[in-house]
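Chain B: place on chain A using the hints.
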Amino acid sequence: MGFIPEEISKGKMRVVLLAGEKVLVEQHRGLIGYETEQILFRMSNGMLMLEGQQMVITSFGAFDAVVEGKIRCVRLEEDEG
Amino acid sequence: MREKNGVRLRLEGLGAEKLINELWKENTPLLHIGRSRKRGVEVTVDQVHFRRTEEMAREKGFQVTVLNGGWQQKIKEGLKRHWALWAGFILGGIMAGLSLTYVWQVEIINAGKYAGEVRLFLEEKSIRPGIRQKDVNRAALQEELLWRLPDVKWAFVKMDGVKVLISLEEGVAADKEMKNALDVVAAEDGVLERVTVFSGTAVCRAGDTVQKGQVLIRGEETGKGGEIRQVQAKGEAIARVWVREEIRMPTEEMVTHPTGKEAERILYQTPLGVYTWSEEPDFLMADREYTLLPLPGAWVPVTVVRERFLECSGEWVERDAQEVAGEAEKAAAEALVRAWPETADIDKSIKISMIERGIIEVVASAELTKDIAQYGASP
Numbered sequence: 001m002g003f004i005p006e007e008i009s010k011g012k013m014r015v016v017l018l019a020g021e022k023v024l025v026e027q028h029r030g031l032i033g034y035e036t037e038q039i040l041f042r043m044s045n046g047m048l049m050l051e052g053q054q055m056v057i058t059s060f061g062a063f064d065a066v067v068e069g070k071i072r073c074v075r076l077e078e079d080e081g
Numbered sequence: 001m002r003e004k005n006g007v008r009l010r011l012e013g014l015g016a017e018k019l020i021n022e023l024w025k026e027n028t029p030l031l032h033i034g035r036s037r038k039r040g041v042e043v044t045v046d047q048v049h050f051r052r053t054e055e056m057a058r059e060k061g062f063q064v065t066v067l068n069g070g071w072q073q074k075i076k077e078g079l080k081r082h083w084a085l086w087a088g089f090i091l092g093g094i095m096a097g098l099s100l101t102y103v104w105q106v107e108i109i110n111a112g113k114y115a116g117e118v119r120l121f122l123e124e125k126s127i128r129p130g131i132r133q134k135d136v137n138r139a140a141l142q143e144e145l146l147w148r149l150p151d152v153k154w155a156f157v158k159m160d161g162v163k164v165l166i167s168l169e170e171g172v173a174a175d176k177e178m179k180n181a182l183d184v185v186a187a188e189d190g191v192l193e194r195v196t197v198f199s200g201t202a203v204c205r206a207g208d209t210v211q212k213g214q215v216l217i218r219g220e221e222t223g224k225g226g227e228i229r230q231v232q233a234k235g236e237a238i239a240r241v242w243v244r245e246e247i248r249m250p251t252e253e254m255v256t257h258p259t260g261k262e263a264e265r266i267l268y269q270t271p272l273g274v275y276t277w278s279e280e281p282d283f284l285m286a287d288r289e290y291t292l293l294p295l296p297g298a299w300v301p302v303t304v305v306r307e308r309f310l311e312c313s314g315e316w317v318e319r320d321a322q323e324v325a326g327e328a329e330k331a332a333a334e335a336l337v338r339a340w341p342e343t344a345d346i347d348k349s350i351k352i353s354m355i356e357r358g359i360i361e362v363v364a365s366a367e368l369t370k371d372i373a374q375y376g377a378s379p
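One line per chain: the protein sequences are A and B, in this order.
Oh and the first sequence: position 70 is 70 in my numbering, straight run, nothing missing.
Oh and the second sequence: position 313 is 313 in my numbering, straight run, nothing missing.
Hints may be right or wrong, so weigh each one.
Said to hold, decoys possible - Keeping only pairs whose Cα atoms sit at most 27 Å apart, straight-line, the calculated DSSO-like set for lysine-lysine is:
{"no.": "1", "chain 1": "B", "residue 1": "Lys25", "chain 2": "A", "residue 2": "Lys12"}
{"no.": "2", "chain 1": "B", "residue 1": "Lys25", "chain 2": "A", "residue 2": "Lys22"}
{"no.": "3", "chain 1": "B", "residue 1": "Lys80", "chain 2": "B", "residue 2": "Lys125"}
{"no.": "4", "chain 1": "A", "residue 1": "Lys22", "chain 2": "B", "residue 2": "Lys18"}
What the hints assert, rightly or not - Partner residues are not named here, just some residues of chain A that face chain B (Cβ under 7 Å, in silico):
{"no.": "5", "residue": "Gly30"}
{"no.": "6", "residue": "Leu31"}
{"no.": "7", "residue": "Tyr34"}
{"no.": "8", "residue": "Gln38"}
{"no.": "9", "residue": "Gly52"}
{"no.": "10", "residue": "Val56"}
{"no.": "11", "residue": "Ile57"}
{"no.": "12", "residue": "Thr58"}
{"no.": "13", "residue": "Gly61"}
No wet-lab data here; the hints were simulated from the structure.
Here the structure is a predicted model, which is why all the values come from computation and not from measurement.
Ideal placement from N, C-alpha and C gives every residue a C-beta, glycine not left out.
The following block holds chain B by itself, in its conformation from the complex:
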């Protein structure tokens, strides 16, 4: 038991026997004295005599190493020996802890057509990687986003670890829909084909051309005695509506020719910005190639970017008009389907025109039949 609680020491130096005798004269009980290497001995002393033994050994010029001390000694010895490593661990821990209080990523999801606007809004509010998490006022951001974006039902701003997540729910909030609004209005421009009234009074009929916001069913009903009472208008308004998307495409393209001159530089991309020690080469025009390599073991996400510049000369070349028109037609049709998915399976009308020298405009349009009834305030 005594041995178990003792401290195992390695004493290295000349004349270990003399040191043992000195300790013995001071009544220091020594256990398990064994030879260690050529000039040393290993010895176990109890905790009470450990300090004195160590002190005396050092006085006599011995090098003392604790081999199996108590955990306190082990830590002490470990700290002494590997202080740089421990300092690194501690510093690393502090840095890791600190880094968790910052924002390292900003992600926008379900923003649809508002993605660009949300990005600008965040830029304006300085919500970017590198800011402190406590500086993100989620409630205020949510409120301001709702105020800024009219067709958004709800805006969520939440912290997911070190990430700020902005998510939008498109649509008109229910309370906005029903507020003082008993009428059914047209959601978009169109020609009515059929109006079905469930409650309220129809103010349009089939064949009428209606504009967005125009009242279709008034939220009023006349009683038997001629009295007018207000009701929530309800009904269907099936109408023909037309949708269109246009795109513009240049008929010229830039063709580049490499001159043979090349340059290269290294950039470090971090959440706080992009850093480099090299200047961009003095090329008038250059093609660039990037190779991205994530830096392993870094505390923050760092990507090493190798940027290669290939100097080139360029000239504008006229493209075949038929080819450009064909591409533009396809692009316009695709844009229309992207904006109005219900047009995917119906015929589209394509109109191509040269609006100015070097630019072709293509308009793709389609006719849809749909319910345009919308609950809302009359204009």
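This is chain A alone, in the form it adopts within the complex:
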């Protein structure tokens, strides 16, 4: 029997970092800023900041995005209140 994962059904974000080379961002709400050293995603509860070098958004779909490059830092800044 199939099911819908909670992060999908409830629109909760999910960020997966793979070996410091790839980041999968699910349930983002759009792009705030993009430089090769810093990428900012709008999330349901704040802003996701990726820092690194030579970062490329290899996929930018309706619900998810994949970032590749040398990823040094993944930080979530939650909205106040």
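Below, chain B alone, put in the same frame as chain A:
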């Protein structure tokens, strides 16, 4: 795979992130978003969303460049960017194609003594560089050349690419030789030394002086019963013949002295004619010098001709008569050998005379022994 079939775009403008968000809101899948220069991003979209992406980017004031679209896009983009170059290529192709339908060279080969006549004939028929190939009626030209030139066995007129080639075969056509002609006649004037008959009846004997066209062996034989039957005459007629060539040479020559005035102009020599924008200088007499420089890269053969005029004054000066006679003698002997190569190794007789004031005439002649039998109609 998706990426392979996608179109790579460079979007240049302010706020690339906003544009990406707008596209994202429209569910446009974007792949490989990367920074390009300071104000741009590079992004891959699939063929389905390419048009909309491009449209939206332009609406937002972005400059859109297709980097690796399908071949159709590449061609489209290439055409847009380098339209003048493409137009040049297309025009050039059309011109090249058109130029191949024209005649750019007329060459006469093996024409021998008829070279001048053939040239005049071609001029008369307007066969010259620049005419259309379809206007060259080869069969008609061949037929007319054969009709005009009596000692020509065959005339070939053929197209070799953009060149018209006219080639003559000297001699009398076989059918002309044998037509109603059973006799052997003299090919030229001479004194017979020996007549050998293989068939037919000899009508001349050794020692006879014969003229060109005179019957030497009649094409008839008498049977045992006295009846006369016609046969093809065959035989040899060895005769002494004399050949001659004459030339005339002036005893005066023009000596020029430069005045120091010079002028120069440029001419463009093309198969269609020679063009220039400059007038010829107003010199009464001038020596000319030419420098030819082929123009590279032109569609048709064009030669740039630099013509230099050196104004001069001239005067007629009497040359040493002995010197002129010596030159004339040599020239006459050479002319004789050119006309009759078999005289190269035999003694020649030279006769020099002053035919009028300032002109020397030299006649070179030689005696040959040869077969003058020719198959042809009796005169």
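Quiz item: Quick one, is the Thr58 of chain A hint okay against chain B at 7 Å, beta carbons?
Solution: With Cβ-Cβ at 5 Å, under 7 Å, it holds.
Quiz prompt | Hinted contact Gly61 of chain A with chain B - closest CB pair below 7 Å | solution = Where the cut-off is 7 Å and the nearest Cβ of chain B is about 5 Å from Gly61 of chain A, the hint holds.
Quiz prompt | Closest C-beta approach of Tyr34 of chain A to chain B relative to 7 Å, hint status | solution = holds, 5 Å
Exercise. Please verify that hint: Val56 of chain A, Cβ, nearest Cβ of chain B, below 7 Å or not.
Key: Holds, because the Cβ-Cβ distance from Val56 of chain A to chain B comes to roughly 5 Å (cut-off 7 Å).
Exercise. Would you mind confirming whether the straight-line C-alpha gap from Lys25 of chain B to Lys12 of chain A stays at or under 27 Å?
Key: The given pair, whose Cα atoms are some 18 Å apart, holds under the 27 Å limit.
Quiz item: Hey, does the Gly52 of chain A contact hint survive, CB to chain B under 7 Å?
Solution: With a closest approach of 13 Å, the Gly52 of chain A hint is violated.
Quiz item: Going straight from one Cα to the other, do Lys80 of chain B and Lys125 of chain B come out at no more than 27 Å?
Solution: violated, 49 Å
Practice problem: Go through the hint on Gln38 of chain A and say holds or violated, using the shortest Cβ distance to chain B against 7 Å. | Solution: Since the shortest Cβ distance to chain B is 11 Å, the answer is violated.
Quiz item: Does the structure keep Lys25 of chain B and Lys22 of chain A at a Cα separation of 27 Å or less?
Solution: Holds, at roughly 24 Å.
Exercise. Starting from Lys22 of chain A, check that the Cα of Lys18 of chain B is at most 27 Å away, please.
Key: The given pair, whose Cα atoms are some 23 Å apart, holds under the 27 Å limit.
Practice problem: Have a go at the Leu31 of chain A hint: is there a Cβ in chain B nearer than 7 Å to its own Cβ? | Solution: holds, 5 Å
Self-check item: Interface hint outcome for Ile57 of chain A [beta carbon to chain B under 7 Å]
Solution: holds, 4 Å
Checked against the numbered hints above, the structure breaks hints 3, 8 and 9 and satisfies the rest.
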